[in-house]
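Asks: These protein sequence lines map, in sequence, to chains A and B.
Reminder that position 12 of the first sequence reads as 11 in numbering that gives the first Met the number 0, one-by-one numbering, no gaps.
Reminder that position 59 of the second sequence reads as 58 in numbering that gives the first Met the number 0, one-by-one numbering, no gaps.
Any given hint could be a false lead.
To give an idea of the interface, some chain B residues facing chain A are shown, with a C-beta separation under 8 angstroms as derived from the structure [as the list claims (entries may be wrong)]:
1. Asp145
2. Ala181
3. Pro183
4. Val186
5. Glu188
6. Ile192
7. Ala195
8. Thr199
9. Ile204
10. Pro207
11. Leu208
12. Pro211
Everything labelled a hint here was simulated from the structure, so no lab data went into it.
All C-beta atoms, glycine included, are put in the ideal place defined by N, C-alpha and C.
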Amino acid sequence: MATIRLDNVKKSFGKTQVIHGVSIDIADGEFIVIVGPSGCGKSTLLRMVAGLETITDGTVEIDGARVNDDEPMDRDIAMVFQNYALYPHMSVFGNMAYGLKIARTPKAEIKARVQAAAKTLQLEAYLDRKPRELSGGQRQRVAMGRAIVRKPKAFLFDEPLSNLDAKLRVQMRLEIHALQRELGITALYVTHDQIEAMTMADRMIVMRDGVAEQIGAPLEVYENPDNRFVAEFIGSPATNFLAPALVPEAPAGTAWIGIRPEHVKLAEAEGASLTGKVLHIEALGAETLVHVVLADGTHATVRQEGHLPKPAEGARVGLAWHLAEVMFFDTQERRLR
Amino acid sequence: MEKRVTFKGWLLPLVLLTPQLLITAVFFFYPAGQAVWQSLFIPDPFGLKSQFVGLGNFEFLLNDPYYRASFATTAVFSISVTLVSMGVALFLALLADRLIKGSGAYRTLLIWPYAVAPAVAGVLWMFMFNNRVGVVAWYLGVLGYDWNHVLNGREAMGLVVVASSWGRISYNFLFFLAGLQAIPKSVIEAAAIDGARFWTRFRTIVWPLLSPTTFFLMVVNIVYAFFETFGVIHTITAGGPQQSTTILVYKVYADGFVGQDLGSSAAQSVILLIVVGLLTVVQFRFVERRVHY
Chain A
0 MATIRLDNVK KSFGKTQVIH GVSIDIADGE FIVIVGPSGC GKSTLLRMVA GLETITDGTV
60 EIDGARVNDD EPMDRDIAMV FQNYALYPHM SVFGNMAYGL KIARTPKAEI KARVQAAAKT
120 LQLEAYLDRK PRELSGGQRQ RVAMGRAIVR KPKAFLFDEP LSNLDAKLRV QMRLEIHALQ
180 RELGITALYV THDQIEAMTM ADRMIVMRDG VAEQIGAPLE VYENPDNRFV AEFIGSPATN
240 FLAPALVPEA PAGTAWIGIR PEHVKLAEAE GASLTGKVLH IEALGAETLV HVVLADGTHA
300 TVRQEGHLPK PAEGARVGLA WHLAEVMFFD TQERRLR
Chain B
0 MEKRVTFKGW LLPLVLLTPQ LLITAVFFFY PAGQAVWQSL FIPDPFGLKS QFVGLGNFEF
60 LLNDPYYRAS FATTAVFSIS VTLVSMGVAL FLALLADRLI KGSGAYRTLL IWPYAVAPAV
120 AGVLWMFMFN NRVGVVAWYL GVLGYDWNHV LNGREAMGLV VVASSWGRIS YNFLFFLAGL
180 QAIPKSVIEA AAIDGARFWT RFRTIVWPLL SPTTFFLMVV NIVYAFFETF GVIHTITAGG
240 PQQSTTILVY KVYADGFVGQ DLGSSAAQSV ILLIVVGLLT VVQFRFVERR VHY
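Excised from the complex, chain A in its bound form (with noise of 0.2 angstroms):
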């Protein structure tokens, strides 16, 4: 347990910088997801806290030491990969107490410790196998197994869940989740899953192109987005992005407003002030994705309720919202309140 700060943290390859200065205090038992599209430089920063990369410039400390410098076994963190990275040759037991053996843990205590993480993940039939006997799900539980055995200071997980299948992406999901909960191991969370960062993340920082664009809890994140970038990202269908015409109330400056999908109602296409035409419908049960052209080729996302009456497609219709759910961005994109 731990407390991790960073400190304008930068990283580059030769010439090309690829972090360009993040900072975050987080506190003990914290959880943290790092969440931004793949090439934004999130698995970079989690591999500069676990010691993996070094650190070009700025400071990572754990519990108040500047660890910039130590190797990752002087680290006390627990990691785990995204492929599990699971000792092939080593049985269940041997994978998980590998750590524990090397820190020279008395055999009763790690045949304890093991048992009990074993236990708490279900694993106690699978102890004996190799990891290639395993499914994909119970490979995924001992590389948490091997993580939580040894106590360590952090936990760090570079996209564990993206090589599970759906469903059992949304059980392991709730069980990191509430593991991390139990044990209170401060986490740091890479993904470029916005439902994994929006479900798990006390705090998320939203990340692109090396830079924190935005860090909070993620429902702050959701509602009062800071720029353009974020609104988009965090949100699935993504922000509706429109004219500022549309908008007279729109304050001086403002290149986009922006506005979701849920926010969005339809009306009846006399006498609105917005109309469009209904492109195509996304029935999905318990809502209705309604994606409508606006006069000016934009496109429109309108999210309903699934019991409420659908448009046909083609059907000329009626948009309407309130002012005061509406974002406005201005020509850096940045949000202007």
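Based on these hints, arrange chain B on the given structure of chain A.
Replies: Using the frame of chain A, we list chain B on its own:
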């Protein structure tokens, strides 16, 4: 599950296998059969007729102290060659594995010795260590060591081991490097995060995962040391001094083609065949068990 191609009839598979079977028959089974047959005879000095002696040739060989000594020499030689060539190759591969820039050039340069024919390699090393004109021998002399492998059996053995291992290092290096690079990087990183330092990682992760490669190379290198080092030994020491570098395969040649004892030579090659067969079986049965595939 391995996907197998299945044939409907017998004809096509037979046709496809015939070239390989023919080559094996002509170049292996026929001469091997001849050797077995000849090992039962003693030809007269002029090669006009031969006399059937049953297992007499074998009986004589097994009681011959020179032949027994040759067994010991072969054991020392092949174990040394295998250890030296694999050890050095593994060390170089471990270094090259950490290399990112220039690894292509490094690899290419390291492969070159493999392209040198054993006899040529032998001559090269012989000249470097020659007591009168050798560069290395001269420097050793400057350091106060009088190197002369023509008189000193141990030095001769050392030199043929080094010369035989030299070309082999390239070959082993390539396999070790490929083996090292086949180990997922994340597994090594996971071990590092689990607290293992370089040597612990090597001992507990890299070496076990490399063991299929190591095992394969061991078999190949021992067979190499048994047979293909003939050229090196012939050019450097010709089996001397005092037979101290006469390995079994060299004795087959020396007794048969120099000593003209064709019966004994044939018997020796039969014994050699059995020894290598047994070695391979032993290796596969006992060493393979500890190999993680």
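Asks: Hint by hint, note whether the structure agrees.
Replies: Outcome of the hint check:
1. Asp145: violated (49 angstroms)
2. Ala181: violated (11 angstroms)
3. Pro183: Hint holds; Pro183 (chain B) Cβ to chain A Cβ min 7 angstroms, cut 8 angstroms.
4. Val186: Hint on Val186 (chain B): holds, closest Cβ of chain A at ~5 angstroms, below 8 angstroms.
5. Glu188: With Cβ-Cβ at 5 angstroms, under 8 angstroms, it holds.
6. Ile192: holds (5 angstroms)
7. Ala195: holds (5 angstroms)
8. Thr199: holds (6 angstroms)
9. Ile204: holds (6 angstroms)
10. Pro207: Holds, about 5 angstroms.
11. Leu208: holds (6 angstroms)
12. Pro211: Hint violated; Pro211 (chain B) Cβ to chain A Cβ min 10 angstroms, cut 8 angstroms.
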